[in-house]
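Please construct the entire structure, taking both the sequences and the accompanying hints into account.
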Amino acid sequence: MRPQDILLPTAAGLCCKPGGFHIDPVRPVERAVITHGHSDHARAGHGAVLATQETLDMMRLRYGENFAGTTQAIRYGEEIRLGDVKVKFHPAGHVLGSAQIAVTCKDTCIVASGDYKDAPDPTCAPFELVPCDVFITEATFGLPVFRHGDAADEVKKLLASVELFPERAHLVGAYSLGKAQRVIALLRAAGYDTPIYLHGAMETITHYYQSRGIALGELRPVKGTKKTDLAGTITLAPPSATSDIWTRRFPDPVTAFASGWMRVRARARQGGVELPLVISDHADWDGLTATIAATGAGEIWVTHGQEDALVHWCKTKGLAAQPLDLVGYGDEEESETQLASEAEA
Amino acid sequence: MNRFAQLLDRLAYEPGRNNKLRLITGYFREVGDPDRGYALAALTGALSFKHAKPGLIRDLIAARTDPVLFGLSYDYVGDLSETVALMWPKGVVNDGQSFLGYPPPPPSPARGEGVQRDAGRRESDTSNNKSEAVVSETVTVVDVSSRDAGTASTAPSPLTGEGQGGGCPGGDDSHHLRPRNHNHPPPPTLTDVVTTLRTLGKTELPGQLARWLDELDETGRWALLKLVTGALRIGVSARLAKTAAAALGDKDPHEIELIWPGLVPPYLDLFAWLEGRAEKPVNRDPAPFRPVMLAHAIEDSDFQSLDPADYVAEWKWDGIRVQAVAGRNDRGHITARLYSRTGEDITGSFPDLVPSLHLPGAIDGELLVVRDGRVQSFNVLQQRLNRKVVSPKLIKDFPIHLRAYDLLGDDENDLRELPFAERRQHLETFIKKLGDSRIDLSPTVPFDSWDALTAARADPASAGAGEDAEAVEGVMLKRRDAPYLPGRPKGQWWKWKRDPHIIDAVLMYAQRGHGKRSSYYSDYTFGVWTGGEGGDELVPVGKAYFGFTDEELLEIDRFVRRNTTEKFGPVRHVVHEPDKGLVLEVAFEGLQRSPRHKSGVAMRFPRISRLRWDKPPREADRLETLEKMLKAEVAEIEA
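Chains A and B supply the protein sequences, listed in that same order.
As numbered in this note's numbering, residues 1 to 345 make up the first sequence, in order.
As numbered in this note's numbering, residues 1 to 639 make up the second sequence, in order.
Read the hints as simulated data drawn from the structure, not as lab findings.
One thing to keep in mind: the hints can contain errors.
As the list claims (entries may be wrong) - DSBU-like, lysine-lysine: derived pairs with alpha carbons at most 30 Å apart:
no.	chain 1	residue 1	chain 2	residue 2
1	B	K631	B	K598
2	B	K631	B	K543
3	A	K317	B	K90
4	A	K227	B	K516
5	A	K156	A	K227
6	B	K598	B	K628
7	B	K580	B	K598
8	A	K106	A	K317
9	A	K17	A	K315
10	B	K202	B	K53
11	A	K226	B	K516
12	B	K598	B	K615
13	A	K157	B	K90
14	A	K156	B	K516
15	B	K516	A	K157
16	B	K497	B	K615
17	B	K567	A	K223
18	A	K156	B	K90
19	B	K516	A	K223
20	B	K628	B	K543
21	B	K53	B	K388
22	A	K156	A	K223
23	A	K106	A	K86
24	B	K90	A	K315
25	B	K495	B	K432
In this text, all values refer to a predicted model and were calculated from it rather than measured experimentally.
Laid out in structure tokens, this is it:
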């Protein structure tokens, strides 16, 4: 069986005809299998949704009780049959509950990895390598200039800045699902045990992480805190909020942003960031290439991001590779903007 | 080097002057000699070594990376040094060669240890042949055994690879604290880099650079490449760096400025003094800088309390304020130096003036371009500023000239304690003795009442400035009995600038500011009307981000948010129609033709002088008004 008979890119998303479902569909479909809870992958309005319990919970928190007709939770390592295919979930190491989805039909196995990272993250299950015939990889950071380094070192940079500017507030822009909690956990791991402040849009999802047993220490809402009391503190906020009127409640804020994009100076400067922190929930170039190699897959499909460079690299390594034209992914930031303005209102 | 790189990295992003000072002072406090001294030298432009050419850097990266991947990366990043710093292959020296078809390096159990990021990873022995070819080239490989667990350790490895942040107190480099593969030499210190570069032969440079790039982390590589290509550009002036050093010992930066010419990197004596471990270094420089005396801007209300008889008036020339100093060295030879008003040595940019400074003395004056006996405008002078290479043609086409205001020293004598009137006498004698056509006296402006001076200021041409009137930007008032005092002492010197040009323009786009202003739309692009295909349209003529009060900033910010028509990242299009929009009164000092602007003009020193809420945009000024102003100025540059 040809791989494209099993999974095929369509306008609604990656479609599995023999299984009768879509993976991370961007439009409402009858049956959706969802890799993780970021809003560009997990959308409301599908008939039936199959995902990890965490992903389902996050969708419920974001979209309300009626986000889908029916839901079914699946555990990592659990395999179920859908139509003519078998579907198995494996940890993707991206955010809490994130999964790679292995779709097997006859003797062909395709792994749709969703967003993934192979770097350690105390807030989610580590990435698991799944040997397969076709590996579908993201390429968010698919250029050799993206090498993220150790996130703990970036957090040290933040703490050094807090120490140097004790009269200023430190505002850390971070995606509210995953990145924010990881940054908090990293701060705790670095020995920072004073309360950390949260923008309103961060609270729900962060409390959910805590309810899943992830220790984040004492967290406080920014709302209702006096300006002078915010001196020397660290606040996590959605990226869009860090240049908003909202920041006027902080004393002389230092604007930080935790993102893999911060590796490139022009990107950081464009966003008015004063303290770029290279912390990413996506695999960097070395992670992408090492993972692709290690899956043993002979064919690589590359999606959302810098496809060209990664496809080129695969070919120089003798791997069959092609860009997969899927639209609608990789705009976590856009959806964050809405969240931020909702919370502000 | 990595610690210095972190400093540069942070400075490059920090917009606030005080915060920059804190960062630099913090670095000086934390890092020991001699590294901090070389850092001070790098920041003040006092390092001298042959710079590497971009071509050399390109060759280095081309030999190590796939050309297609480099091309895509360079396109994305847009800066050569940064691209190379980011994609330089880690640690393994042979890494890039497999791209070129060489056999991959033999697998070694030790390889990659120093760069592994994750304890859960190790060299893969995956059985798949196809992947083996791939694996041999990558340094870190996912551990296949973790597939059945999902429980592999997530603890960060103690062998954490590239240090990105933190840094260790007390030293520039932390290699002695980090376990390392013995095959990896420690990264170079800033001192290593600077001292090696000084003596390195041209043929050795590529190899040495490559070794350093292998040893440094991303930020370290970026800083090294900026350093060796001579393009730091991180928004720190020499003055700021010296001020940060002064703060280390609670000293006045002027004190450093005074002794600076006698100091050499790595400034051990300077830091010893700043830390209270030694006496202040003595400036043995034969031509030292003296802190400059500055004037206050005069307000209309100030005149009532001032007696015209107490003051001497001079033209305020529109050039750059300099101090020209000559002195005899140990062997009796004349050494001459030209300093900016902040004490930066700018002699190198004006070699044509040096022979004229042949008598020991210190002149305070204005640097101008004089052609055929006529003083040229600032626009003309600008062609000579900030030049690294001064060609004979430049010297011939833009002849430099010094117009003397004051004399601070005459041979061995310090004249600064004398009253201005007496110094002026000394100055007149000194200039006569020099007898050089490149240096002349700034004439005084006779007046007996404030009304007479007002008239002279309004029409310099008929008050003595004659044909040079275009280069006059106002008058200076100096108390006859004022000694030469550093800084801006009250009531001694006044500047009375001519009125700025004013136009009414329409706010077109607004951009968010930086730092404290990052939540405010505080940078404004404004335009004036011009005839277009479909009738009158606004064309942008400039950008301003100051001149308004804090209250006005709030009002404009509110207006921008409520009248945005489109958003492009940090930029907002603000409504600008004949009947809807905000008219800004813009003040500026001059105009220049500029092919880079759609309107063809660029303003000098534009600022918002008033908000014209009362004025409908259709009544704002037209481009023709600016073009008329421009004509006179342009003829001069092209002459």
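Going through the hints against the structure:
| no. | hint | result |
| --- | --- | --- |
| 1 | B:K631 with B:K598 | holds, 17 Å |
| 2 | B:K631 with B:K543 | holds, 22 Å |
| 3 | A:K317 with B:K90 | holds, 19 Å |
| 4 | A:K227 with B:K516 | holds, 15 Å |
| 5 | A:K156 with A:K227 | holds, 25 Å |
| 6 | B:K598 with B:K628 | holds, 17 Å |
| 7 | B:K580 with B:K598 | holds, 23 Å |
| 8 | A:K106 with A:K317 | holds, 27 Å |
| 9 | A:K17 with A:K315 | holds, 28 Å |
| 10 | B:K202 with B:K53 | holds, 11 Å |
| 11 | A:K226 with B:K516 | holds, 18 Å |
| 12 | B:K598 with B:K615 | holds, 25 Å |
| 13 | A:K157 with B:K90 | holds, 22 Å |
| 14 | A:K156 with B:K516 | holds, 24 Å |
| 15 | B:K516 with A:K157 | holds, 21 Å |
| 16 | B:K497 with B:K615 | holds, 28 Å |
| 17 | B:K567 with A:K223 | holds, 28 Å |
| 18 | A:K156 with B:K90 | holds, 22 Å |
| 19 | B:K516 with A:K223 | holds, 20 Å |
| 20 | B:K628 with B:K543 | holds, 20 Å |
| 21 | B:K53 with B:K388 | holds, 15 Å |
| 22 | A:K156 with A:K223 | holds, 27 Å |
| 23 | A:K106 with A:K86 | holds, 9 Å |
| 24 | B:K90 with A:K315 | holds, 22 Å |
| 25 | B:K495 with B:K432 | holds, 27 Å |
Violation of the numbered hints given earlier is absent; every hint is satisfied by the structure.
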